[in-house]
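> Residues per chain, in single letters:
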Amino acid sequence: MARKLKMRIWRGDADNGGLQDVTVEANEGEVVLDVIHRVQATQMGDLAVRWNCKAGKCGSCSMEINGKPRLACMTQVASYGDEETITVTPLRAFPVIKDLVTDVSFNYRKAMEIPSYEPPANLKPGEARMEQVDVERSQEFRKCIECFLCQDTCHVIRDHEENKKSFAGPRFFIRIAELDMHPLDTLKNRKQKAQEEHGLGMCNITKCCTEVCPEHIRITDNAIIPMKERVVDVKYDPLRWLGTKIRKREGIV
Amino acid sequence: MSGVFSPTRAKIKERTLRTDKWWLQPAITFGVLISFVIYATFRAFENKYYFSEPLVSPFYSPCLSTSCIEGSSPLGQPFNNEYFGIGISPALLILIFPLGFRMTCYYYRKAYYRAFWMSPPACAVAEPHTKYTGETRAPLILQNGHRWFFYFGLIFNVLLTYDAIIAFRDEEGHWGHMSVGTLVLLLNATLLWLYSLSCHTCRHTLGGRLKHFSKHPVRYKLWSWVSVLNHKHPTFAWISLFGVAFADIYVRNVASGAWTNFYFF
Amino acid sequence: MTNLERHSYDVVVIGAGGAGLRAAVEAREAGLRVAIICKSLFGKAHTVMAEGGAAASMGNVNDNDNWQVHFRDTMRGGKFLNHYRMAELHAKESPDRIWELEQWGALFDRTAEGKISQRNFGGHEYPRLAHVGDRTGLELIRTMQQRIVALQQKDGKTYASMESHLKVFPELTVTEIIKEDGKVAGVYGYWRETGAEVLFEAPAVIIATGGVGKTFKITSNSWEGTGDGHALALKAGANLVDMEFLQFHPTGMVWPPSVRGILVTESVRGEGGVLTNTNGERFMFKYIPDVFKDKYADNEEEADRWYTDQDNNRRPPELLPRDEVARAINTEVKAGRGTEHGGVFLDVSKRLTAEVIKKRLPSMWHQFYELAGVDITKEPMEVGPTCHYVMGGVEVEPDTAAAVGVPGLFAAGEVAGGMHGSNRLGGNSLSDLLVFGRRAGMGAAEYVKGAKAVAVSEASIKAAADRIEAPFTRSGGENSYSLHAELQEITHNLVGIIRTGSELKEAIEKIAEIRKRSANVSVAGGRKFNPGFHLAFDLDNMLLVAESTAKSAISREESRGGHTRDDFPQLDNKWRQINHIASFDGNVVSVRKQELPALPKELFDLFDVHELEKYMTPEEIAKGGAR
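Protein chains in written order, with my numbering: chain A, 125 to 377; chain B, 119 to 383; chain C, 852 to 1478.
Note that these hints are calculated values from the structure, not bench results. Among the hints, a few may not be true.
Pairs of lysine to aspartate or glutamate residues, derived as EDC-like cross-links and limited to a Cα-Cα distance of at most 20 Å, are as follows [to be verified]:
1. A:K234 to C:E1022
2. C:K966 to A:E264
3. B:K339 to A:E264
4. B:K129 to C:E1048
5. C:K1313 to C:E1329
6. A:K192 to B:E253
7. B:K129 to A:E264
8. B:K131 to A:D137
9. C:K943 to A:E264
10. C:K1018 to C:E880
11. B:K329 to C:E964
12. A:K267 to C:D960
13. B:K129 to A:E251
14. C:K1303 to C:E1044
15. B:K131 to A:D145
Bear in mind that the values here come from a model prediction, so they are computed numbers and not experimental data.
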């Protein structure tokens, strides 16, 4: 059944902007992105919104819906009450470009700072052998669709612009964890770099990244905390440090 | 103006546009934790009603000081904690370890950073602080010492399990009896084991730190089990906290004579 | 224009999906300076949607597999209309391309021996698809995205800047490929964010823009699939080959809009899904062709019994081949017995309990429940044909991916034609991207070595700039959203999954009319991130694609693979020798016939001659392949 849906949509750019009220038809089974498209086609032809696959697989339509960072294509209108007004704003951790579109280039810059995968020098194509149990941890992190909702919700940068230069953010902590747990990666100092250059120590594990992840990646429990523990192994644990001096132990490099 | 009010961000005056009861969870956390702290402080200074043969309160175990109530020190009394003529409650020294374990616990950190520090109070709710450095400098860098408290926590779990076992005795010290107090101490010890074993550090130590699970099948199995428990770590954190408090309340009431420790046999 | 943003590169890659990124990696590794342009953010390309896997005959699961078997499967799938050389290169090189991804950090699912696991897929004789759960496309994109970053980091160490030799330009639309003296000289476009115009001067351009799905009303493609590369190539003087071949799936969701176009797998019908029209009639019984009468049940009782006793009953007609099911749905809808959204009902809830459905069709159930609130255990789905993939595309030289007729232009991936013939096998598109993406990069590198950069003339710049400005100078003209909707209606109804000559004729006339009206599109609002403005250009591209498809389709008087003619329902071996070549003179698209290159003897001999008799004329068979 079609119904009239009340929405408040943030419109504007870096200089100015505010929430605008609209009423739009919403049909059964529609998601917020559908009604935004209807607003675009019928009322605001130049409403800027970023989207792509509309199936929760590309991570383009990230925005904040009733104050929560979400994918608009994965948020059903029916999950809100009949009388409820749905408020839609751009991501609030990044510079706004126009309407619901923000400048997420911060994330691509950070991606370039993470040291890449380093396979063993003598490994020939097709000769790699890896066990399924050894790749599963990293595979979880490779499910990431780079919607950057975790980056948006993380208070370290959301609430402190100045931290952006020294903090890579949850998306890239799972990238670092992915590589550190990759069975064939040979780069030695990922843990130190995570702590000293990418700001792992800034994270106070308040878990908002995990809460907003549309892929249900357990960012905090499976990536950030294990990385913090690995950092302790190499930086803050004198016994382990001594152990590595005496005999080479797996996992501590 | 920083954070969500920085000049480049979308101009929105509200700290958050969340419409749900986002403040409820931190408020409950705050209430429960502060109640526990007040009660534990009171009990630590009270320095009595912590032993009633064969039950010893977890707040006062292991009681290793010459000032301990007679019979509450099955491991002996190697310490004399009387300084400058003042007897310090043994609980004050004992509680450092379990409290340290909980203070540095990855789950409790989340809970109190949100509820007490409001850093952040809830997801996508702007925090009140103007500066933030996380766990990169003192004192919070000490959170990295969680594993030491974890090791101590294990010792305490052994001792409290021992306390539960010796509670299979009657008031005269004869074995083969069981009271409500026995069950309370057993439950307490079990919950503490679950809390410790589900801990992130435990998960890391048992297997998480390995690069190749396939080369360590036993440790992989252990890691897998602990991973299952680890999902429930927050739950264990809370119920074991209640368990410890309740065990102490029970022993205190029995020791003060308010309650009678009912024996099943 | 004095303030125009200008860049100069050796190669410009348009499109950052699998093919574009693979091409960029190859060109950069060959020492060139490369720009990658994409309409979306980096890493969002439609490639992420690919679920099944990438076909490569590594033989990890069954060691009987090899390139010859893969080649045979591909040719059969394409009904022998494939360009043999492309199918050959693809089959030979796919394994190396997959292993290379692994060297770059991809983590495929593993076999017990620790090799890359491979799964079965329709049309492939052996388990052949390297995969990661059901997100293989994402793994491909991410791996190459990270490979690009790795190359940039390497450049950062050698040169001052990480982006000095390889740079991504996201959210930028290319409106023109500029030629000077008959050769590629650069591309012109605008930033979607600001509307500001940009010129890239480059002697080589690689088109890797993917598909054309948005030309149709119901499609599984994202908004980006507007045939930009097809149109850019046409306008630059290149040809499109066999544009009549589109892969439609008979059962895509048509409603609600949140899942429109998403495929409903055939297993839903296999598990007991029943098709009904709005009268509640289980209509498939009316559509059993005579040749299938002995295999398919003609009454409900027998059809229902088949699910429990397959030996003594004939199959339910819902399980007829794809094109038969599509034709039936199409006929029902056109006869007015379809839903208001142009579909019919597919119901699995009446036969199976909720638990069984969730167990046997978990991802179907989950997808529709999560994305649309549709509970397929309780209610029927509304389904109809959905456009999925275009086999046709830019005519290229197989070895270099160079576009025929335009020096300096290359094309790879879905936008290139020939590889898949009349029908693509599942899993062959991901490997196609890798194989021909790399070849396009190599081809461009080779070309650039011998080519001098040509300066773009002021006249060309002005022409391109005027075209971008045009919609803003008009007021009160046509609205691009409604023209797009009209076009989709035409293609969906008249050039869709089942075609007839009279309808195609009507379509060609109507498309021409919309093209005329589209010259008068006006845009409201400014240039800054204005979707109405963006659509104006996409629309132009889709119109060219639709025209090419309709004109190729009306010419091909047979049914083959992704082209089904109701008035010519049979495969005709004479048509196998014919490719349709579409070209554009600036006003209209014209389609001519061109002879398909004959299978060389060594490839001809890979097949049983009796099999080839099904596809080839006796004369071709007698020749025994080209020598």
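> Hint by hint, note whether the structure agrees.
Tested hints:
Restraint check for A:K234 and C:E1022: the C-alpha separation of about 19 Å stays at or below 20 Å, so the hint holds. Distance restraint check for C:K966 and A:E264: the Cα-Cα separation of roughly 19 Å lies within the 20 Å cut-off, and the hinted pair is therefore satisfied. A hinted pair counts as satisfied when its Cα atoms are at most 20 Å apart, and B:K339 with A:E264 qualifies at roughly 19 Å. This hinted pair does not check out: B:K129 and C:E1048 have alpha carbons roughly 28 Å apart, beyond 20 Å.
Distance hint between C:K1313 and C:E1329 is unfulfilled; the C-alpha atoms sit about 24 Å from each other, more than 20 Å. For the proposed pair A:K192 and B:E253, the alpha carbon gap of about 26 Å is over 20 Å, so the pair is violated. Using a Cα cut-off of 20 Å, the hinted pair B:K129 and A:E264 is violated, with the two alpha carbons roughly 36 Å apart. Restraint check for B:K131 and A:D137: satisfied, since their Cα atoms lie roughly 15 Å apart, inside the 20 Å limit.
Taking the CA atoms of C:K943 and A:E264, the gap is about 32 Å. The hint is violated against a cut of 20 Å. For the proposed pair C:K1018 and C:E880, the alpha carbon gap of about 14 Å is at most 20 Å, so the pair holds. Among the hinted pairs, B:K329 with C:E964 is consistent with the structure: their alpha-carbon atoms are about 18 Å apart, no more than 20 Å. Proposed proximity of A:K267 and C:D960 is supported: the alpha carbons are some 13 Å apart, at most 20 Å.
With a C-alpha separation of about 54 Å, the suggested pair B:K129 and A:E251 falls outside the 20 Å cut-off, and the hint is violated. Under the criterion of a C-alpha separation no larger than 20 Å, the hint pairing C:K1303 with C:E1044 is inconsistent with the structure, at around 33 Å. Among the hinted pairs, B:K131 with A:D145 is consistent with the structure: their alpha-carbon atoms are about 16 Å apart, no more than 20 Å.
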